[in-house]
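**Q** Chains as they are written, first to last, in our numbering: chain A, 1 to 633; chain B, 1 to 167; chain C, 1 to 500; chain D, 1 to 113; chain E, 1 to 473.
Quick caveat, the hints were computed from the structure, so don't treat them as lab data.
Careful, some of the hints might be misleading.
In silico EDC-like links for lysine to aspartate or glutamate, alpha-carbon gap of 20 Å or less [to be verified]:
| id | chain 1 | residue 1 | chain 2 | residue 2 |
| --- | --- | --- | --- | --- |
| 1 | B | 139 | E | 2 |
| 2 | B | 114 | D | 109 |
| 3 | A | 605 | D | 16 |
| 4 | A | 117 | C | 457 |
| 5 | E | 92 | E | 26 |
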Amino acid sequence: MQYTLLILVLPLLSFIVLGLVDSKWKPKVAGTIGTVVLGIITALSYFAAWEYFSMHRIAGVYEKIIPFNIEWLRFTDYLHINLGILLDPISVMMLVVITTVSFMVNIYSLGYMVNEKGFERYYAFLSLFTFSMLGLVVATNIFQMYIFWELVGVSSYLLIGFYYTKPSAVAAAKKAFIVTRFADLGFLIGILVLSFYTKTFDFGILTSGDTSVFASTVGASFMGISVMSWALGLIFIGGAGKSAMFPLQIWLPDAMEGPTPVSALIHAATMVVAGVFLVARLFPLYVVYSPEVLHGIAYVGAFTSLFAAIIACVQTDIKRVLAFSTISQIGFMMVGLGVSGNGGHEGVGYMASMFHLFTHAMFKALLFLGAGSVIHAVRSNEMSHMGGLRKYMPITNITFLIACLAIAGIPPFSGFFSKDEILSACYEFSPYMGATMTFIAGLTAFYMFRLYFNIFWGKEHKHQHTPHESPFAMALPLVFLATVTVLAGWIPFGHFVTSDRANYDIHLDFTVATISVLIAVCSITLAIIMYRKESKVPKRLATTFSGLHKAATNRFYIDEVYIFITKKIIFNNISLPLAWFDRHVIDATMNGMAGTTQWVSVKIKGFQSGQVQQYAYVFLLGTLIITALVLIF
Amino acid sequence: MAQQIIFFVLAAIIAIFSILAVTAKQIIRSATYLLFVLLATAGLYLLLGYNYLFAVQIAVYAGGVMVLFIFAILLTNRPGENVKTELAVRRVAAGATALVGLAFCGHVIYWNIKKVSELAVQADITPQQLGHSMLGTDKYQYLLPFEVISILLLACIVGAIMIARKR
Amino acid sequence: MGVILYYMNFLSLFVLIPVLMMLGLFVSNSRKQIQFITATGASLLLILSGIITYMYLTERAAGNVAEMLFTADTVWYAPFNIHYSVGVDGISVAMLILSSIIVFTGVFASWKIDPLPKEFFLWYSLLSIGVYGFFISTDLFTMFMYYEIALIPMYLLIGIWGTGRKEYSAMKLTLMLMGGSALLLVGILGIYYTSGATSMNLLEIAKMKIPLTAQYYFFPLTFLGFGVLGALFPFHTWSPDGHASAPTAVSMLHAGVLMKLGGYGCFRVAMYLMPQAAHEMAWFFLILTGISVVYGAFAAIHQTDLKYINAYSSVSHCGLVLFAILMMNETAATGAILQMLSHGLMTALFFALIGMIYGRTHTRLITEMGGLMKVLPFLGVSYVIAGLASLGLPGLSGFVAEMTIFFGSFQHTDTFHRVMTIIACMSIVITAVYILRVVGKILFGAIQDAHHEHLTDATWFERISVVTLIIAIVAIGSAPFWISGMIHESVIPVISHLAK
Amino acid sequence: MSDLLTNLLSGPVPIEAYLGVSLIMFFAGVYGFLSRKSMLMILISIELMLNAADINFVVFNRYLFPGHLEGFYFALFTIAIAACETAVAIAIIINIYRNLTSVEVGNLDQMKE
Amino acid sequence: MDYSSFLQMREEFSLLAVMVFLLVYDIFAGEKGLKYFQPVALVLLTVHTVLNCMPRDAFEVAGGMYQYVPMQTYVKSILNIGTIIVLLQAHKFLNEDANRIKRGEFYFLTLSTLLGMYFMISSGNFLMFFIGLETASIPMATLVAFDKYNRKSAEAGAKYILSAVFASSISVFGMSLIYGSTGTLYFTDLATLITGTPLQIMAFVFFSVGLFFKISLVPFHLWTPDVYEGSQTNITSYLSVISKGAAVFVLFTLLIKVFGNLVTQWQPILYGLAVVSITVANVFAIRQQNLKRFLAFSSISQAGYILLAIISGSAMGMASLVYYVLVYMFSNLAAFGVLSVIENRTGKVQMSDYNGLYQTNPRLSFVMMLALFSLAGIPPFAGFFSKFFVFSAAAAQGYYVLVFIALLNTILSLYYYLLVIKAMFLNKSENPIENIKSDFPVRISLVVCTLGILLVGLFSTIYNQIAVLSFGM
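Isolated chain A (complex conformation) (with noise of 0.2 Å):
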């Protein structure tokens, strides 16, 4: 499967073809450009997983395949950097959800940024972006995925602060790429411990299942925690910090500022999933040498997903109740590999987590590009400048309305599937956790609906311009997405994608789905009688229970913490007083031996008197204690 290669030059080249010619082209001709490569590939992808899953099955299992596989760097005869094309189910997966959305991104786009300057900048971006996170997925080893998941921050970076003029936009530009470069930095040095007990980076040999890598791991502890431990914790919290677990969400919401369709593609569909692609990816480590680590990860990830949950159900910004709502979601599929076990019915979580991976994707992808065409539309982001936008815009309305649906998990959209079976691996663990997931769903429904009810619906906000639907170029990825969205549910994913890589047939646990679809409903009940028509009820609520409505608004002050340990713990009780330091002490002692010697030199200028008597009694003295020193010693 040589022409997967082909997967990863072509936007490659597009980035240096766009990023090259930078503005001596027509922009049209530029997106023309962009779109058509991702076309190119995202064709290229489906026939690849059309191959893959149909022929490439031995014995029941999914082979690995590796078509291409070269040394980049060589550290030591053992470990080093390979860049490679690994294909499997889950990268297989990977590869067509990536290019799927990014290619309706990649449209959308056409339609929503034509007028904007930077065009060509824009598409070259988007295809860095594209690039970047298609050579994540597809890494053979560890470290190669470390090198994309790079270029993925460093994509998301410049295309958060496409509108570079805007300081809020690059001071949200900025805030996501030192917040993710942190959490790296956790990954980098679990990747330096993992290598150093493994010898390795290759993927191969770490999930072959060979305890023989690990050998030397055994026993090996740090601070009475075994290095494996340590290791894969450290490997989480980059994952963590790329998938805005808590506490490094923060970003996330702020990362809104850039345009809507990079909001869709990376972080709504693609990007912030790669720390659950990375849990997923080293699955078999977690299970076998740190299950306590992959518990963490489930409470984490379950409570960041409530957590996001309630302050999604109080914020005005609509696209930043559509990134808490992410950050909620991957909460559920960061619980659902971390409740997983390995292999058959045990590792139904992975498998679930995996799944609601693919259809979040695509009806988040979906959420986000209609709340852009909402945008582009009322030229707002705030809920207040919208209402009864149901009239003006009917596709949006509709596949709006379907995604949020999907979301709620009501049956027969597709999330109605992946989050029922990620439920079920959630009671399987613990009746709590189940519990707990299955109001976090409920929450789910409420302020989705809230969101929808208060665009859509409610009362019809005074428009400078009359709102209009939006051009094909974005109609067409609403319906193209909504679709799927429809109809993923019914694909038979434990075909595909499995811990074990071998055949799971999906089967729908009826009490959680139906206790999970009840609540559901009734949240969403909730969301009509309070949103739907103007209605003091959530006012007064808010007055109620002013504290956590205040507390959430401000996304429970996690920001202010951040700002205060970045400012005024880093920049002025530890940089400040460095750089006083530098200048004061240190180079303060250097300049002070100079001025020692300028001060010696004055005061000494008396023994040049000018006094022949004074030279020869000096003379006369050195003489005699010469001879006394001598003689004496």
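Assemble chains B, C, D and E onto chain A, guided by the hints.
**A** Structure of chains B, C, D and E alone, referenced to chain A:
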């Protein structure tokens, strides 16, 4: 015995007038005391049997150097004016240093010198001998220094005249 | 008689070309001629470095396993066993490439230098003589000589053509580096005399065994001596002031190449010749370099002058070089050399860009700039690329170097070393902080000063300089294997010597 | 100590006595050099110091090494050199007097520090 | 008596011949002939230098009163070249109306001091040595006071003669004690007779301070800056280079040849003196505004560096020393040459007067810069090599700490040398010194010095030649 007495007289003259020479208030007195010291030194040379040296000492110092001094003093001094000494502090410091130096050197010399008190018998140094060794080129003969010092004398004369003459 | 001219080895061309440049400059009298001479000379050097690299690689491919290639040796001062001996291995070749690139780009970056262009390029050529000579020498004496040759032109270059507190900075830089060389000279003499070698040739001395007690004295001296030039904490304070005041090309050459002399010397001389002491004393210097790495980065966060930021960043990055060297394993050492190369290129790029921006805005304070991306897109994009290289973006050279260092260092069996490595790793986050802060402040956002609306983007000669550097950075970053391989195999003899 | 005294008075004159005289002379000269203000006085002190050295040479020659006349000649040449020195010094002092109308050494302070 | 053996002293006789000829020429030549006085003198001196530049085999004259070893030829040649350079630089000064009348005296006195140094260098007996020393220093005093109506010059002369006489009387007292404890004044005999008794040690110290005075080591240096400042610049350069160069060489020879047995005593003494000299002189130098004073302190610290070579007491040290003197001569004379050109034209010697010199006099400032860099020991100039060799010689004997201290001091010295360079190149001035067109002889001298600075280091032949002979010492 006579030798001893002469020696002590000379020694006393030297010691006393040396000190007087460097402490006298008037410079002309100082010069006179110096003359006494130089003459007494010449006496010591005679005592040791170096007649030639005695003659040179008297000729050069008393005849030459002292004349120079007197001229210089007369040229530069208004008569009767006292020569100032340095501040007391410096005098004390100089005196103390000189005394310390004296003690120190005296100590070292006294304990390390070969103690001889008998003069070896020595024949008189005849003018012939002197002439020989002054104009010889072997070891212990001094033609070369003699020639070189003539250059020095010439240079000094040239230099001194250059400095001292008008224009 | 006239050894240098007499026994020409083609490596000596690296020194001879700048000498000829100087002679040419002496007789030149118009700016055109000066530009022609320097551009020709610098291009020749660049081409020559390419040729050397090619020859080196073919020679190695042909199976020549000598430690140094293209060696030549002529007795110079027989009574002191001083030889004029040259030779290169992969490390020196890498450094020669670096020097050539930076000398070349520096010429274009100071194309319109004013006043006294002739004198400027005279000193500039002298500086490059020092740099090249240092890298081709294998004799301790000539090494030291070239090292000092490189120091002195700095004073005049900064003092005359600099900006700001140039006289103070120039004096400080010169004196502190001179202090370093004072330590170094004692070290070199000690090495030579205690080893009992019959020549000052490195390879020869390496075969001797220096008594351990002597090593205890001379290793720290030598290491610190070179370390001062490598901006080792706490002897780094010349660097911020010096770089801030220096004219563009000088900052480039100084931060880009001259600071590398420090690392190269530490590795080639201090550690190579005194392995036992290096082993026993490494911990102390590791702590110092660790401080350098983190401290430099933190101090950079708070600066407001672009050059200061970059200077502190250099402290941090060069600290990493010494840090890696002290790990004493092949990978880390390879990483150190790569880092020298990479830092040289990107810091030169930074200084070139800062110089160009300063030439337009007449300020280097980030608080007084903003939104420059809009008016200076070429410089802006280049600055971002430099920044990304500096914070270690994959595909650019910084990443390759830093990762090699971190992974190499972490292979050390001592927990202490590994913990130090992790501390050093922190710097990459802090680097991101200050780089993005600068980029955000000066390039993005709204234009601060109305005058900046009408700035013009880079001219052709500025573009040559910037593009050359970017190409080099990308080339190393995206295809590191050949240069890494070349360096790695040359590091092996030194490291295996250390391991004994 | 009493030995010394009896020796001094009764026996032949010991070498130490001569050396003592010359030392006193020498350090008297030193004292004069350091303490007097007139340059001529300083020159007088110098004469004392040189003379002391001459005595040493002569005494050593006569007492310890009578075989050759080395000390003798040295003293002889030193006398000549002392004369030279004095001549030049006096010329210079007179020159100073012409410039400053004073021969006080303390006035030589144009150049210092 | 056979005086033919005296003819072996070719250097001395040829110089004496030049002297006598010049004296006669000065006295008897008419107004017209005197025009050519300087060129004739310089040509004769050059001929003298060239004739006497080849070393011969060692020999003795006058029963060991005069001892020749081949190395002395080099030292004397260095002194010759230095003297010629100084005289070239003084050319303009001596052609001034006020000085023309004293021109013959100037030459005669200069050459007689040079002759004194010759004898001092070649002496084999303390008497010869003492006479040589005095011949080198008493006429020097008249030279210092040469500009006799200049108060500074007169003062300097007085200071010099008083200090010199004081030093020589202590020295001669020391010699008397040496004689008293050994019974001979011949160097060859002394070498074995000096055994290290306290008296001998004291005598040695008393004696050697006379030389320390000439070399101007701290604390025997206090006269130096005043005298250097006061005397005419060309004489200052003569004092600082020629007189000092001869003295260091003699010191080394004496220490080895005569006081070899006292090595354990003199090494620590020199150690301390080197440290103190270098440091104190440097600390004083950083504050100086008058460039002549400045160079005086610089020369004191240079003397300290030379001690490093002496301390080593090895053949290597000897070679380094001679080489150092050679390089120091070129560097210092170049610096003084520039100084004298500027002082003669404008009378300016303050550092602040040199502000912006490069703008108006690029060549002069360039030469000055080379000279200062060479003095500071910066490659590729000769000063670097000479310093390195001196340090190397000391390090070879294990004096690492001393080398280290000396090296730390090079930082300080670099600082003050850079101050001058800063003034010339960096500082701007309201009224810089106007463009000076120096006359031909000065230009020759500066070219010679510059070539010396540039080439003496890079071409190893010169050092190697010196080193070959140093083993004979």
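**Q** For each hint, tell me whether it holds in the structure or not.
**A** Comparing the hints with the structure gives:
Proposed proximity of residue 139 (chain B) and residue 2 (chain E) is supported: the alpha carbons are some 13 Å apart, at most 20 Å. This hinted pair does not check out: residue 114 (chain B) and residue 109 (chain D) have alpha carbons roughly 46 Å apart, beyond 20 Å. The hinted pair formed by residue 605 (chain A) and residue 16 (chain D) fails the criterion: a straight-line CA distance of about 43 Å is larger than 20 Å. In summary, the hint linking residue 117 (chain A) to residue 457 (chain C) is supported, as the alpha carbons are separated by about 19 Å, within the 20 Å threshold.
Restraint check for residue 92 (chain E) and residue 26 (chain E): the C-alpha separation of about 18 Å stays at or below 20 Å, so the hint holds.
The earlier numbered hints that this structure contradicts are 2 and 3.
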